[in-house]
Every structure is written in structure tokens, then in C-alpha cells.
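Q: Chain residues, written in single-letter form:
Protein chains: 2
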Amino acid sequence: MRILLSNDDGIYAPGLQALHDAVKDLGEVTVVAPASEQSAVGHAITLSDPIKARPIQRNGSFSGYAVGGTPADCVKLAVCALLPQKPDLIISGINLGPNTGISVIYSGTVSAATEGTVLGIPSMAISLASYLQPRWDVAARAARQLAQHIARAGLPPDTLLNVNVPNLPADQIKGFAVTRMGRSRFVEKFDRRTDPQGNVYYWMDGDLELLGDVTDTDIDAVNHGYVSLTPIWFDLTHREALPIFRQWRLDWKTD
Amino acid sequence: MRILLSNDDGIYAPGLQALHDAVKDLGEVTVVAPASEQSAVGHAITLSDPIKARPIQRNGSFSGYAVGGTPADCVKLAVCALLPQKPDLIISGINLGPNTGISVIYSGTVSAATEGTVLGIPSMAISLASYLQPRWDVAARAARQLAQHIARAGLPPDTLLNVNVPNLPADQIKGFAVTRMGRSRFVEKFDRRTDPQGNVYYWMDGDLELLGDVTDTDIDAVNHGYVSLTPIWFDLTHREALPIFRQWRLDWKTD
Numbered sequence: 001m002r003i004l005l006s007n008d009d010g011i012y013a014p015g016l017q018a019l020h021d022a023v024k025d026l027g028e029v030t031v032v033a034p035a036s037e038q039s040a041v042g043h044a045i046t047l048s049d050p051i052k053a054r055p056i057q058r059n060g061s062f063s064g065y066a067v068g069g070t071p072a073d074c075v076k077l078a079v080c081a082l083l084p085q086k087p088d089l090i091i092s093g094i095n096l097g098p099n100t101g102i103s104v105i106y107s108g109t110v111s112a113a114t115e116g117t118v119l120g121i122p123s124m125a126i127s128l129a130s131y132l133q134p135r136w137d138v139a140a141r142a143a144r145q146l147a148q149h150i151a152r153a154g155l156p157p158d159t160l161l162n163v164n165v166p167n168l169p170a171d172q173i174k175g176f177a178v179t180r181m182g183r184s185r186f187v188e189k190f191d192r193r194t195d196p197q198g199n200v201y202y203w204m205d206g207d208l209e210l211l212g213d214v215t216d217t218d219i220d221a222v223n224h225g226y227v228s229l230t231p232i233w234f235d236l237t238h239r240e241a242l243p244i245f246r247q248w249r250l251d252w253k254t255d
Numbered sequence: 001m002r003i004l005l006s007n008d009d010g011i012y013a014p015g016l017q018a019l020h021d022a023v024k025d026l027g028e029v030t031v032v033a034p035a036s037e038q039s040a041v042g043h044a045i046t047l048s049d050p051i052k053a054r055p056i057q058r059n060g061s062f063s064g065y066a067v068g069g070t071p072a073d074c075v076k077l078a079v080c081a082l083l084p085q086k087p088d089l090i091i092s093g094i095n096l097g098p099n100t101g102i103s104v105i106y107s108g109t110v111s112a113a114t115e116g117t118v119l120g121i122p123s124m125a126i127s128l129a130s131y132l133q134p135r136w137d138v139a140a141r142a143a144r145q146l147a148q149h150i151a152r153a154g155l156p157p158d159t160l161l162n163v164n165v166p167n168l169p170a171d172q173i174k175g176f177a178v179t180r181m182g183r184s185r186f187v188e189k190f191d192r193r194t195d196p197q198g199n200v201y202y203w204m205d206g207d208l209e210l211l212g213d214v215t216d217t218d219i220d221a222v223n224h225g226y227v228s229l230t231p232i233w234f235d236l237t238h239r240e241a242l243p244i245f246r247q248w249r250l251d252w253k254t255d
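Chain order of the listed sequences is A and B.
In terms of our numbering, the first sequence has 172 at position 172, counting the first letter as 1, and numbering is strictly consecutive.
In terms of our numbering, the second sequence has 159 at position 159, counting the first letter as 1, and numbering is strictly consecutive.
None of these hints come from the bench; they were simulated from the model.
Hints may be right or wrong, so weigh each one.
[As the list claims (entries may be wrong)] In the EDC-like style, the derived pairs of lysine to aspartate or glutamate whose C-alpha atoms are separated by at most 16 Å in a straight line are:
1) B:Lys189 <-> B:Asp205
2) A:Lys174 <-> A:Asp216
3) B:Lys189 <-> B:Glu209
4) A:Lys189 <-> B:Asp220
5) A:Lys189 <-> A:Glu209
6) B:Lys52 <-> A:Asp205
7) B:Lys189 <-> A:Asp49
8) A:Lys52 <-> B:Asp251
9) B:Lys52 <-> A:Asp251
10) A:Lys174 <-> B:Asp251
11) B:Lys174 <-> A:Asp251
12) B:Lys174 <-> B:Asp220
[As the list claims (entries may be wrong)] Partial list, computed: chain A residues near chain B (C-beta under 10 Å):
13) Gly42
14) Ser48
15) Pro55
16) Tyr106
17) Thr114
18) Arg141
19) Arg183
20) Trp203
21) Tyr226
22) Thr237
23) Trp252
These numbers were taken from a predicted model, which means no experiment stands behind them.
Quick reminder that beta carbons are idealized off the backbone N, C-alpha and C, glycines included.
With the hints as extra help, turn the sequences into a complete structure.
A: Set out below in C-alpha cells:
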């Protein structure tokens, strides 16, 4: 099995190292990850600038490429230019911090797995639901078990697996839960400041707010000690809204 | 009616000016747009850097802010910090080039409207389906008609309207078509080069390839001379895949 690893925290992030160490004996593993941190870049790609790719060899550890681009760039470039053969599995992570609820749409970690899915390769994003004292070993264990399972069972077409792991000791994890993306939003606060030249700038900050019913959501599962498994795709059509728009009966006016 | 305009081509883009001129008499219009081009940034937001916002006054034309950030940053900052009151409608565009099919997930234009929807404000993204000899007047006419309609009819909750206008004379447009996001993918080509210092870099390029049935898709509607109206949301859960994952019956292993 050929496995491609990427992330959005950058090629030297400890979560990526932990992921690598957890799956390195499952096949031929290559790392193609951003040269610098790319958190919250969403599904950005680099079209108007060149993309640099530098071979990386970490002694006794992984080999691969540090890419001067976004997580989606890394996966595109790896699959279409850097790797001699298409990988059988792409894993993005392990992200420092959860990618549940609305965070999914801002997540570079998820976007790397989305790009893999667009390219027709089974792909998984994995995140550890804490920013403090991360238990990489627990998330790495989940990544390994899921990689082995996907190697046997595959993934449905056009579907990536978004995994979030509670930051708990392994023996306190209650199991896996299949979930939907929870409804939530950031309540933004912008801190307004003035630089020494008199220019106004803002720092974005905010708190996550849960919305609606939390049953079966990724957020709720992680809060209750389960590893959440959310099937994600990239068809953004809101099908239930189609009939509403069909009732609009708009006429195109040329006068 | 208070209307907020944004885009991803930057505050001095002709498509934004055309949009402004088309809707300026419908209410109180403010422009908050990126200071520089932000195409293909997806739903990126700026968390680890400050965001500059500079007031702009174009003589005899629009007033607003040029923001040193992404389209999603612009909408967040406008709604949460710059505007005295929440807008009643957000319009993002007019983008130079289509945002149909898979392009939607990379689109900064769509991401501005997505952010508006996350913030609970009726939002629309509008794009002109050509890069050459853009007929801004035709797309602007569509924007105006749709803005007036949304002001009366509203939009369903959690749903933004993604509009794509064929680059045809107004009298050759066949009407509006309610569509789904078409299935397509980019077939990437990476052009490998070496800089004067010997570093390898790549230019990304590619062609769009249609996949599957095109019936009722945005791509097909635009190709046949219709203004496509696609309801888009941000719940990426692939609901049809949930039962497949529920059959996995994975046990969490602690040994």
C-alpha cells in the first residue's frame, strides 16, 4: 500500500510525525506537506504564483517534500507531479485542534483530504480535539486502526472520512461513532488597533457557538469521549432548497 | 435595504464596479473587498495575522473598505466590526470567470457569500462565465433583478444563491434555470521549472473535465444560455454514506 501524508500545520509539526510513526509499517509512506503553517486556509489553491517543492530527508524518520503552498496544493502536486505512482490512501493530519462543526469549511487539514477525494483516492482527515497537552499517541492509534480498515473496506466514492479524536487517555475513549457535521458558528470578536504609522488593523478572535440539535454530531460525540467518523463530500448543492427556487418563476428581462 | 458588496478579484476589479452601479439605487450600498486579488483562496480566513482595513472613497462612485485579507475575512470584518448595522443582503462578485461545478469549492467569490450565510444574512455570489470580453452589463442586470427578488422573497435558511451568467448579449439569454452543482474535476498539469539558484518550482495549470450526468447542472445551463441559480449550503455531511459507515462496526482497541 502506498500512503501519502499531508497536513496544514506544516511539515515539521509533531502531529504529522506522530501520524507517520503510526502508519510507517503499513506500506510505502511519503510525506508532502506545507513548508509553513497553513491553518484555516480552507480549500485554497495557488494559481497565480509558482509552487516550490523541496525534498526533505529527516534522519531515521520520514522522507518527502516541503511545499511552498496550501494543503490542497500539496496533494495536487504530490499526486500529479511528485509521486511516481498514485497513492492508495491519503491521510491528512494529525491536526492540533478539532475540525468539527463549522470548522470543517475553514480547515486546511480537511481540504487536503477533500483534494485527494476529488482526485479519486481514498482519503481521511484526522484531528485531535485539543490545543493543549495533545495526546498524539491516542490519535495516532486511531489513524492506524482506520487506515488498516480503509485498506480492507475502502471508502464510498466521492466521500472522505473526517475523524476527530478526543484528547483522552486511550482507555477512556468509548469507541467510534458515525456522525454528521454539527451545526455551529463562530461568534467573532475583532480587536481594533492602530499601528505606529496610524493604520487601523484588526485581530480576529471568537468563540464557537453550538446551534440546533446536537444529536449524532461530531461535536457531541467528541464531547462524550467517542472518536467521531463523519462522511464528508464536496457537492455543496442544498437539494432540499431546490423546490423553493423552482417556485420563483423569474422572467429574464431584456428591457 | 442595506447591501454589502464584496468579491475575490479585489476592490478595483471592474466586475465589482459593474455590480455596484447596478444595485446602487436599491438601498444603502457599502463595499468591503480585498485590497488585492484573492482568486481560488477557497474559504480561507486570517487567524494568525492582523487584518488591515483602509477606508476607500472613489470619486463619484463607491465608498467602503479595502481589506488586507480574504473574501471571507472581508465579510466577517464588515459585519462584525466595520458596518454600523448588519446588512440585509450580501452580494459577492461579479467574478471574472465561472464558478460552476468543482470550481465552487475553490472560489473566493462563493466563500464571501458562504460567510454571509453563516452569519445569517441572505447572500448571493455572481460570476460571469468567461475570461474574455466580459459582458459586465448582462451579469449586472441579472444581479439587479435577483437582488430585487431576494429583497421580496428572501432566501431559505442556511442557503446561499450561486449565480452564473453566460457571456452573451442580453437578448440571447434564455432565462433563469434552477440547477445543482455539476460534477467535474480539474485535470492538473504541473509545469516543472528550475530557478536561477537551482530550486525546483511548479506552475499549476489544468483543464476542467465534466463527470457524470450533466442534467440540471450549473455547467450545462450556462452552456445552453441560461443564468444558473444553484442553492449552496455548508453542511458537507454526505448523508447517503452514513449507513455505509455504520456497518463498519469498529471496536476501539486499547492494547
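Q: Hint by hint, where does the structure go against what was stated? Just the numbers, ascending.
A: 4, 8 and 9
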